Each structure stands twice: as C-alpha cells, then as structure tokens.
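Enquirer: Sequence:
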Amino acid sequence: MKLNYQEVLKNVEALPSKEDKLSTLDEYAGVFCEREKYLEAIELYCRALKYERTPNLLGYVHGQIGICYYHLHDDVNAEKYLTKAHKLFDPEKPKFMAEAFTLINFYLGSLYEYQGKSNKALLARKACLPYIESQPRETQLILFSGISRNLQELGRKADAIQFYQRAIGIISGGDPGLIALYQGVAHNHFELGQYTEALQNFQKILELDPNNERREDIFTYIAECYRRLTNYRQALETYLKVLEVREITDGKKGLAHILLEIALCYLQLREFERSIEYCQRALKERIKDRKQLAAIRAFLADNYYEMQRYPEAIAAGQQSLKLAKVFRHSDMLVRNLALSHYKLGDYKNFRKYRDWYRKSSPDDGWNKYLDSLVSP
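Residue numbers (this note's numbering): -2 to 373.
Honestly, the hints are just simulated from the structure, not real lab data.
These numbers come from a predicted model, not from an experiment.
Some hints here could point you the wrong way.
Lysine to any residue pairs mimicking SDA-like chemistry, simulated, CA-CA at most 20 Å apart [stated by the list, open to error]:
1) LYS34 / ARG50
2) LYS345 / ASP368
3) LYS322 / LYS340
4) LYS322 / TYR366
5) LYS117 / SER107
6) LYS117 / GLU76
7) LYS114 / GLU150
8) LYS356 / GLU303
9) LYS117 / PRO133
10) LYS123 / TYR111
11) LYS288 / LYS322
12) LYS18 / ARG44
13) LYS288 / ARG278
14) LYS81 / PHE93
15) LYS92 / TYR128
16) LYS281 / TYR307
17) LYS319 / LYS349
18) LYS238 / GLN265
19) LYS356 / LEU341
20) LYS117 / LEU151
21) LYS201 / ILE245
22) LYS117 / LYS92
Throw the hints in and build the complete structure from the sequences for me.
Expert: Below you can see the structure in the form of structure tokens.
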C-alpha cells in the first residue's frame, strides 16, 4: 500500500460515517506503524480521538498513541497515553477489547521496568493476567518473565519462582531463553536458602548448556550449595573444577577465594595436610583484603589445632587477629585459641579467649563446654 499522508486525510474526510472514519484511520495508522513511521501514525490516531467518545475505544486509541511514543523513545508521552488508556479501559462496559488492554499494559510494564519502577511495572503486567491465556505463547512468555523480574527486584523471591516456572512451562526446549529462566529460578532458591532446589536448577542449566559462558559462576554456586548442605566431598570436587576452569581462562588471577573454599572443605573432611597446602597457596596470592587474609590464617590455625599442634595454632591465630577482629569463621578461631591455650596450660589466655568467645557468640552451645573446663 502506497501512502501519502495528505491523501489519507482527504480520503477519511470523504467517508460518510463516524465508524468508517475510525476504522479507516486505524487501518492507515497501523500501516504507518508497520513501516515505523510513528509520527504519522500518531497524527492519524489523534484525529481518531475527535470521532470517538466510547471509553473502551478511546482507551484503544490512547494506547496506540502511547505505543507509538514508546517506539520513538519518548517516555514522557508514552507513559502519559498508556496510563490514560489503562484508566479508560473497563471490562464491564461495551466494546472492551481484551487483546488491546493486554497490549497497552504489556508496553506500560516494559516502560516502568526500564525506568526502574518495579512496583508499577508489576501492577501493569499483572493487569494482563486475566486475559493472557488467549495471547500467543511468546507474549505469555515475555509477560511471565517480566513479572518474575519485577517480583525478584521487589524481594518477593518465592513469588518470582512461581512465575519463572510458569514461563518454563510454556517455552520450547530448544529456546535459548530457557537458560535465563532456570537461572532466575536457581538464584531465587539460593537467596531463599533453599539449596537443594537451587542445586537442581543450577545443574539443569549445565545439562541444557554444558559450555555455558558463565559455567564458572554456575559451578561456584553448585559448590556453595553443596557446602551449605554440608556435603563437603561434593563441594570440594566442584570447587576443584572451578579452580581448573579459572586457571585456564583467567591465567591464575584472583584464585584466593577458591583456594580458601577448597581449604575449608578439606578442613571439614579432616584432611588437614591438604587443607594447609591450599591455605599456603592462598597466602601466595596478592590479597589486599585484610579480612580475607585473616580468614586464611585462621583456617591455618584451625588445622593446626585439629592436628594438636597447639603452639602453631596460637601463632597463626594471633597473626589472624592482628589483621582483623571479625571475619568469616572468626568465632571458630577464637574458640580454638581458647582450647589451644588450655591444652598448653596457659589458663590466663584460656580465660581471655573463652570470655571473648562468650561475648561474640553468647548463644552457642560451646560456651557450656568452655565453662566446664577447670582453670586454676
């Protein structure tokens, strides 16, 4: 169809009825939209407003104008017309168009999300839900994914998981977007402390895409899930995979964190010599974070304590506490320092670290045991 804006207006004015004028303006405006001539389409839709007073039809026209402004990246006018359309639509009144209502809220939700207004985006998108079943699967997928992101941003992680799963239920198995959906489910389960469910979904990602570009991060999450579930053997094996990948891809940069996790797993598995080996490797890294350095030396101290090498445990522990007083597992270090001093008959320092431990961990069951130890 060859279009000339002035000829379109001339043809419209010649039509006998209001209904004919409206349908023709809508038809021509739609063609302009298909050709991405949104300003011309806006002009035609604005003319259509003169011929219509029915709220739902006015809602449709305002919505189309808002969509045109959306594509022109004019957020102010897009929001103005889309919100007006949302208010005009009424399912209880004649000529309500569910598809058009869904579409304008679809765009309104995208606009609000782009603006960082997650709550408004969520409200707009949820307004589509009563009519979404009649929409194409692709539209349903985009809507459910958008609602999931909004809920996640608002901290409603359990609700976000439900909508991610609804999206997964309608997407085809080979769709590349499936990976992102499983990532959303996995991360939300992880944040909720639901590590078994998180683990299953992270593993599903690697099953679908073994060479995922973020596989190092995914392996790290898998290892952390195993660690939180106290499956230290599986956590260790996974962290060793992460270390292998990072050594290949990153040229051995930034390995301290992974080495520390491996050392912790070996400590929990009571393989103390191996744990010490990885602590010492970690200390060779360039580490600026004093708390991280303190944690590494603390793990050394914990290993020495378990091996009954109490003087070495005390020396490493004191070096750790010079770097920082509070850090990861610092409570365990303080407890082991108390016990190391007790084993060596240094009751003064035993009482010092016992009292420190009670103050830092007042509800821990170890306090009762420490109090039971007799010190002259």
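Enquirer: All hints are to be evaluated individually against the structure, with a verdict given for each.
Expert: Going down the list of hints, with the structure as the test:
For the proposed pair LYS34 and ARG50, the alpha carbon gap of about 26 Å is over 20 Å, so the pair is violated. Note on LYS345 and ASP368: the hinted pairing holds, with a Cα-Cα distance of about 14 Å set against a maximum of 20 Å. A threshold of 20 Å between alpha carbons decides the hint, and for LYS322 with LYS340 the separation of about 23 Å lies outside it, so the pair is violated. Among the hinted pairs, LYS322 with TYR366 is inconsistent with the structure: their alpha-carbon atoms are about 23 Å apart, more than 20 Å.
For the proposed pair LYS117 and SER107, the alpha carbon gap of about 10 Å is at most 20 Å, so the pair holds. Taken as a hint, the LYS117 and GLU76 pair is honoured in the structure, with Cα atoms around 11 Å apart against an allowance of 20 Å. A hinted pair counts as satisfied when its Cα atoms are at most 20 Å apart, and LYS114 with GLU150 qualifies at roughly 10 Å. In summary, the hint linking LYS356 to GLU303 is not supported, as the alpha carbons are separated by about 24 Å, beyond the 20 Å threshold.
For a cut-off of 20 Å, the pair hint linking LYS117 to PRO133 is broken: about 24 Å separates their Cα positions. Restraint check for LYS123 and TYR111: the C-alpha separation of about 17 Å stays at or below 20 Å, so the hint holds. For the proposed pair LYS288 and LYS322, the alpha carbon gap of about 8 Å is at most 20 Å, so the pair holds. With a C-alpha separation of about 10 Å, the suggested pair LYS18 and ARG44 falls inside the 20 Å cut-off, and the hint holds.
Using a Cα cut-off of 20 Å, the hinted pair LYS288 and ARG278 holds, with the two alpha carbons roughly 17 Å apart. For the suggested pair LYS81 and PHE93, the alpha carbons sit about 15 Å apart, so the restraint of at most 20 Å is met. Distance hint between LYS92 and TYR128 is fulfilled; the C-alpha atoms sit about 15 Å from each other, no more than 20 Å. With a C-alpha separation of about 24 Å, the suggested pairing of LYS281 with TYR307 is violated against the 20 Å cut-off.
A hinted pair counts as satisfied when its Cα atoms are at most 20 Å apart, and LYS319 with LYS349 qualifies at roughly 16 Å. This hinted pair checks out: LYS238 and GLN265 have alpha carbons roughly 19 Å apart, not beyond 20 Å. Only pairs whose Cα atoms come within 20 Å are accepted, and LYS356 paired with LEU341 is rejected, the gap being roughly 23 Å. Restraint check for LYS117 and LEU151: satisfied, since their Cα atoms lie roughly 11 Å apart, inside the 20 Å limit.
For the given pair, LYS201 sits about 24 Å from ILE245 by alpha-carbon distance, which is inconsistent with the 20 Å threshold. For the hint pairing LYS117 with LYS92, the CA-to-CA distance comes to about 26 Å; that exceeds 20 Å, so the pair is violated.
Consistency note: the structure conflicts with the earlier hints numbered 1, 3, 4, 8, 9, 16, 19, 21, 22.
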